[in-house]
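Q: Letter by letter, the chains look like this.
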Amino acid sequence: MSSELYLWKKGNTWAKVEADGSVKVGVIPDALKRYPRITSVRFTVQEGQSVKQGDKIVSIGAGKMTVALEAPVSGVVARLNTKVKTNPAIIKHDPLGEGWLMVIKPTNLEEDLKKLVRG
Amino acid sequence: MKTRVWRCLGIYKAPASHIHASQEVLTRSVGKKYAPPTIRIVVYDPPAVTIGYFQNVEEEVDLDKLRELGIDVMRRPTGGGAVLMVGPDGPEDVPGWEIYVPEDWDKILEDIDKSYEYLSRPIIEFYRMLGIKTSFRPKNDIETKSRKISGVAQYREAGGILHTGTFLLDFDIKLMLQVLKLPIEKISDKAIKSFEERLTTVKREVGFKPKIDEVLELFKKAIERTFNVKVVDGTLNDVERRDFEKTLKKYQSKEWIYGIRPAQEYTHIYVKKTPGGLIRIHVKIMDNVLENIFITGDFFIYPKTALYDLEAYLKWTPIDEIEDKVLEFLRSRNVRILRLDPQYFAKLIYEAVKIGKR
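If you read the protein sequences in the order shown, they are chains H and F. Take the working numbering: the final residue in the first sequence is number 137, and no numbers are missing along the way. Take the working numbering: the final residue in the second sequence is number 624, and no numbers are missing along the way.
It is worth saying that the hints were derived from the structure and are not from the lab. Ideal placement from N, C-alpha and C gives every residue a C-beta, glycine not left out. Be aware that one or more of the hints could be misleading.
Unchecked claim - Label-pair distances were calculated between CB atoms; the ranges are:
{"hint": "1", "chain 1": "F", "residue 1": "A280", "chain 2": "H", "residue 2": "K70", "range": "26 to 32 Å"}
{"hint": "2", "chain 1": "H", "residue 1": "K133", "chain 2": "F", "residue 2": "K373", "range": "39 to 45 Å"}
{"hint": "3", "chain 1": "F", "residue 1": "R597", "chain 2": "H", "residue 2": "R136", "range": "21 to 27 Å"}
{"hint": "4", "chain 1": "H", "residue 1": "K28", "chain 2": "F", "residue 2": "Y610", "range": "47 to 53 Å"}
{"hint": "5", "chain 1": "H", "residue 1": "K70", "chain 2": "F", "residue 2": "K373", "range": "28 to 34 Å"}
{"hint": "6", "chain 1": "H", "residue 1": "G137", "chain 2": "F", "residue 2": "P312", "range": "45 to 51 Å"}
{"hint": "7", "chain 1": "F", "residue 1": "L335", "chain 2": "H", "residue 2": "G39", "range": "53 to 59 Å"}
{"hint": "8", "chain 1": "H", "residue 1": "L114", "chain 2": "F", "residue 2": "L593", "range": "31 to 37 Å"}
{"hint": "9", "chain 1": "H", "residue 1": "G137", "chain 2": "F", "residue 2": "R394", "range": "41 to 47 Å"}
{"hint": "10", "chain 1": "H", "residue 1": "P54", "chain 2": "F", "residue 2": "E617", "range": "53 to 59 Å"}
{"hint": "11", "chain 1": "H", "residue 1": "K101", "chain 2": "F", "residue 2": "K331", "range": "36 to 42 Å"}
{"hint": "12", "chain 1": "F", "residue 1": "P569", "chain 2": "H", "residue 2": "K28", "range": "42 to 48 Å"}
Extracted from the complex, chain F is given alone in its bound form (with noise of 0.2 Å):
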């Protein structure tokens, strides 16, 4: 039977590794049903960058920027890519929101794609009651007008889902590019605005930010009318904080944080002429999968928008699979480029992504 009473540990505002430590732990505790599905709000104190779990620190981030900028740097149990987890007035910009549920909690969990969907519906609520529209965009975004405005990732475990993703209240895109390691060419107005396009804040929405403590009451609520359950304040139990003492260790090691590193990794620029104008694609790779695009230049694609979602819907595809994502992308969406045949552009897309390949 659906536990209908849900626990809420409020705001944890700490280092990243007790963060992402105690992550690890809560998702195992309620996979394992020693404590009831179970909801929080993060605050990174220091700021820190997380990266995905199968990420090599050096290639992603700078980290004598981050040192000088006194900015933490972790590991986190969940996949994706590097992400600042500070804002303009600090780290309450951008907390975190976590959801956990055993995987067995409602059948559509099974289904990995579904899932995300599914547990990214309060998030939509959470926005909604902001004032803003958002909508959940495949693979692992919610987006309003095509713009990002939440990313979204998974972490399993004995039996538990951690869902979890940030809320962008407010964001500092240059300072993003000073300390990530994206596949641009420089820091430069035109690639802020590039940003700009692909990303957006609560405060870009509405005008305002909420504060920290009303972002926790709007979540709570939010889960609340989305599942139908209670959410009742609580606390981590006896068994919890002992495994906490234990893996917090891990994740405060050297090895954890830099002791993984993918078979293969590159990023690559390339740049086209065509008929339909200048097109310059920007890839990462990692382990033969496409971790990153961004497609700029000077062609015409109608709708615009519609480049924002195929660069999302195109993240975390093996390269093989791509030219035919591409098309299938912009057959289903009667997506038009301006003097360039849909193959061709797929067949460009490829090339850019095989020919960095080392």
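So that you can see chain H by itself, here it is in the shape it has in the complex (with noise of 0.2 Å):
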């Protein structure tokens, strides 16, 4: 398995496949530069949600704004970074390392693929 970024442009979203075929979400660097900073974050998914490619899974906010972020593939959502909530300054500065979002176990992989483009 590749551990290329994916990215899914208009929903602000990379997924990089992991080693064990689970999908790693975060938000794409250069989605952030619109942003000054991140204040607020919101999952609005749970542990075992199943999503599909394109569902709203986190909000962002940063004063009066809010932006809805969706799923890059579909599948289970695995795991949370619960840090990002906690401390949401990290997506800003570590987009595609600590400020990671969500683990996704991807259930159509293949087919959605083709429609993210390699980051």
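If you follow the hints, you should be able to join the two separate chains into one complex; please do so.
A: Right, dumping it as structure tokens:
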């Protein structure tokens, strides 16, 4: 399996296929350039929940603005990075590392990846 | 290419759950190009208080008081603070305005700060047509003579932007102080006066308030003039109607209204006797960000309105950046505080914020 980055641009998220076949998800660094800061994070899905590619999974906020981010792949949410909830700034500071959002066990990976672009 | 024909959905008089569910639907629909850029005026019926997406309802409003007064409460998809959507003569005193555009409608919309100013231009034109000179005040207000006359917020999803706020035609400050939990000591004439200095209305500025139909016509005209587009009356399409039925269930659920809590929140009033006089700093903090601040006291600041501009400027600033922001503001505006050093004043505000932290 490739550990390359795939981008779901319209949903502002990236996907990275891990060695065990799961998919790590985060916010595309380019999208983050638009937001001077991120002060609030809320997961709109829970661990164990099924999501489809394009479903809303997280809302991030800064002041009076909120942005809904979408799942880049379909699957079951395996793990949420609760660190970003208590320290939303890490999404901006380290979007490809510590600021990841969740891990999804994919259910339709091959088809979903066709709709993503390589990062 | 830019769409030059926009859709107007008229005046939507509905319960808060319907208004906010449809906001989410319309943002998606315009973002996915199922519909052209769209505008709408909304009136909350029954009257409502709306809270920001990330707020805790119990921390923001007096729920018993709302029940007693028959006022609804609803969480918005947009961020920001709690807003009372009713005035002395009913909810038509505080209509909401909404602008929906795709993020790629203009390049300027990619920059969040610039998009706030750009998309607020029709609102400034609206007030100009009523004879009120207003301007955009960073970060999220439209003001006239340093008094807020409209708040502004955004929600972005699926490539769509909702840029929204309220037209303050007339307002009941006393009712607002009764139902919202603001960082004030008690409801008093002094507290009311303090808000009157910071807020204004169309009625107060020009002595009359337009009817809701006139509001819609002026809003349409303001959009056409500002963005050089044609606004055509329309209705929801089938995709939007289906999406609305689904989304409404979420907005009517208890989980949506009561189920969100910030990791940390507190309010605090800090009082300090200084060589320049007594200073009272009222703060409300949510998730390490300054949500609200009022600075009062008997100290002298020049120009006086700088204080209200400073409060607006500091809203939604992470607390660790506050001291620098205060200094930056005082220096850039050449603000003077009698017998008080700017560094000392900046430190006081930072202390006020930090000291209440638990």
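Q: When the hints from earlier in the document are held up against this structure, which numbers fail?
A: Result: hints 2, 3, 10 break, sorted rising.
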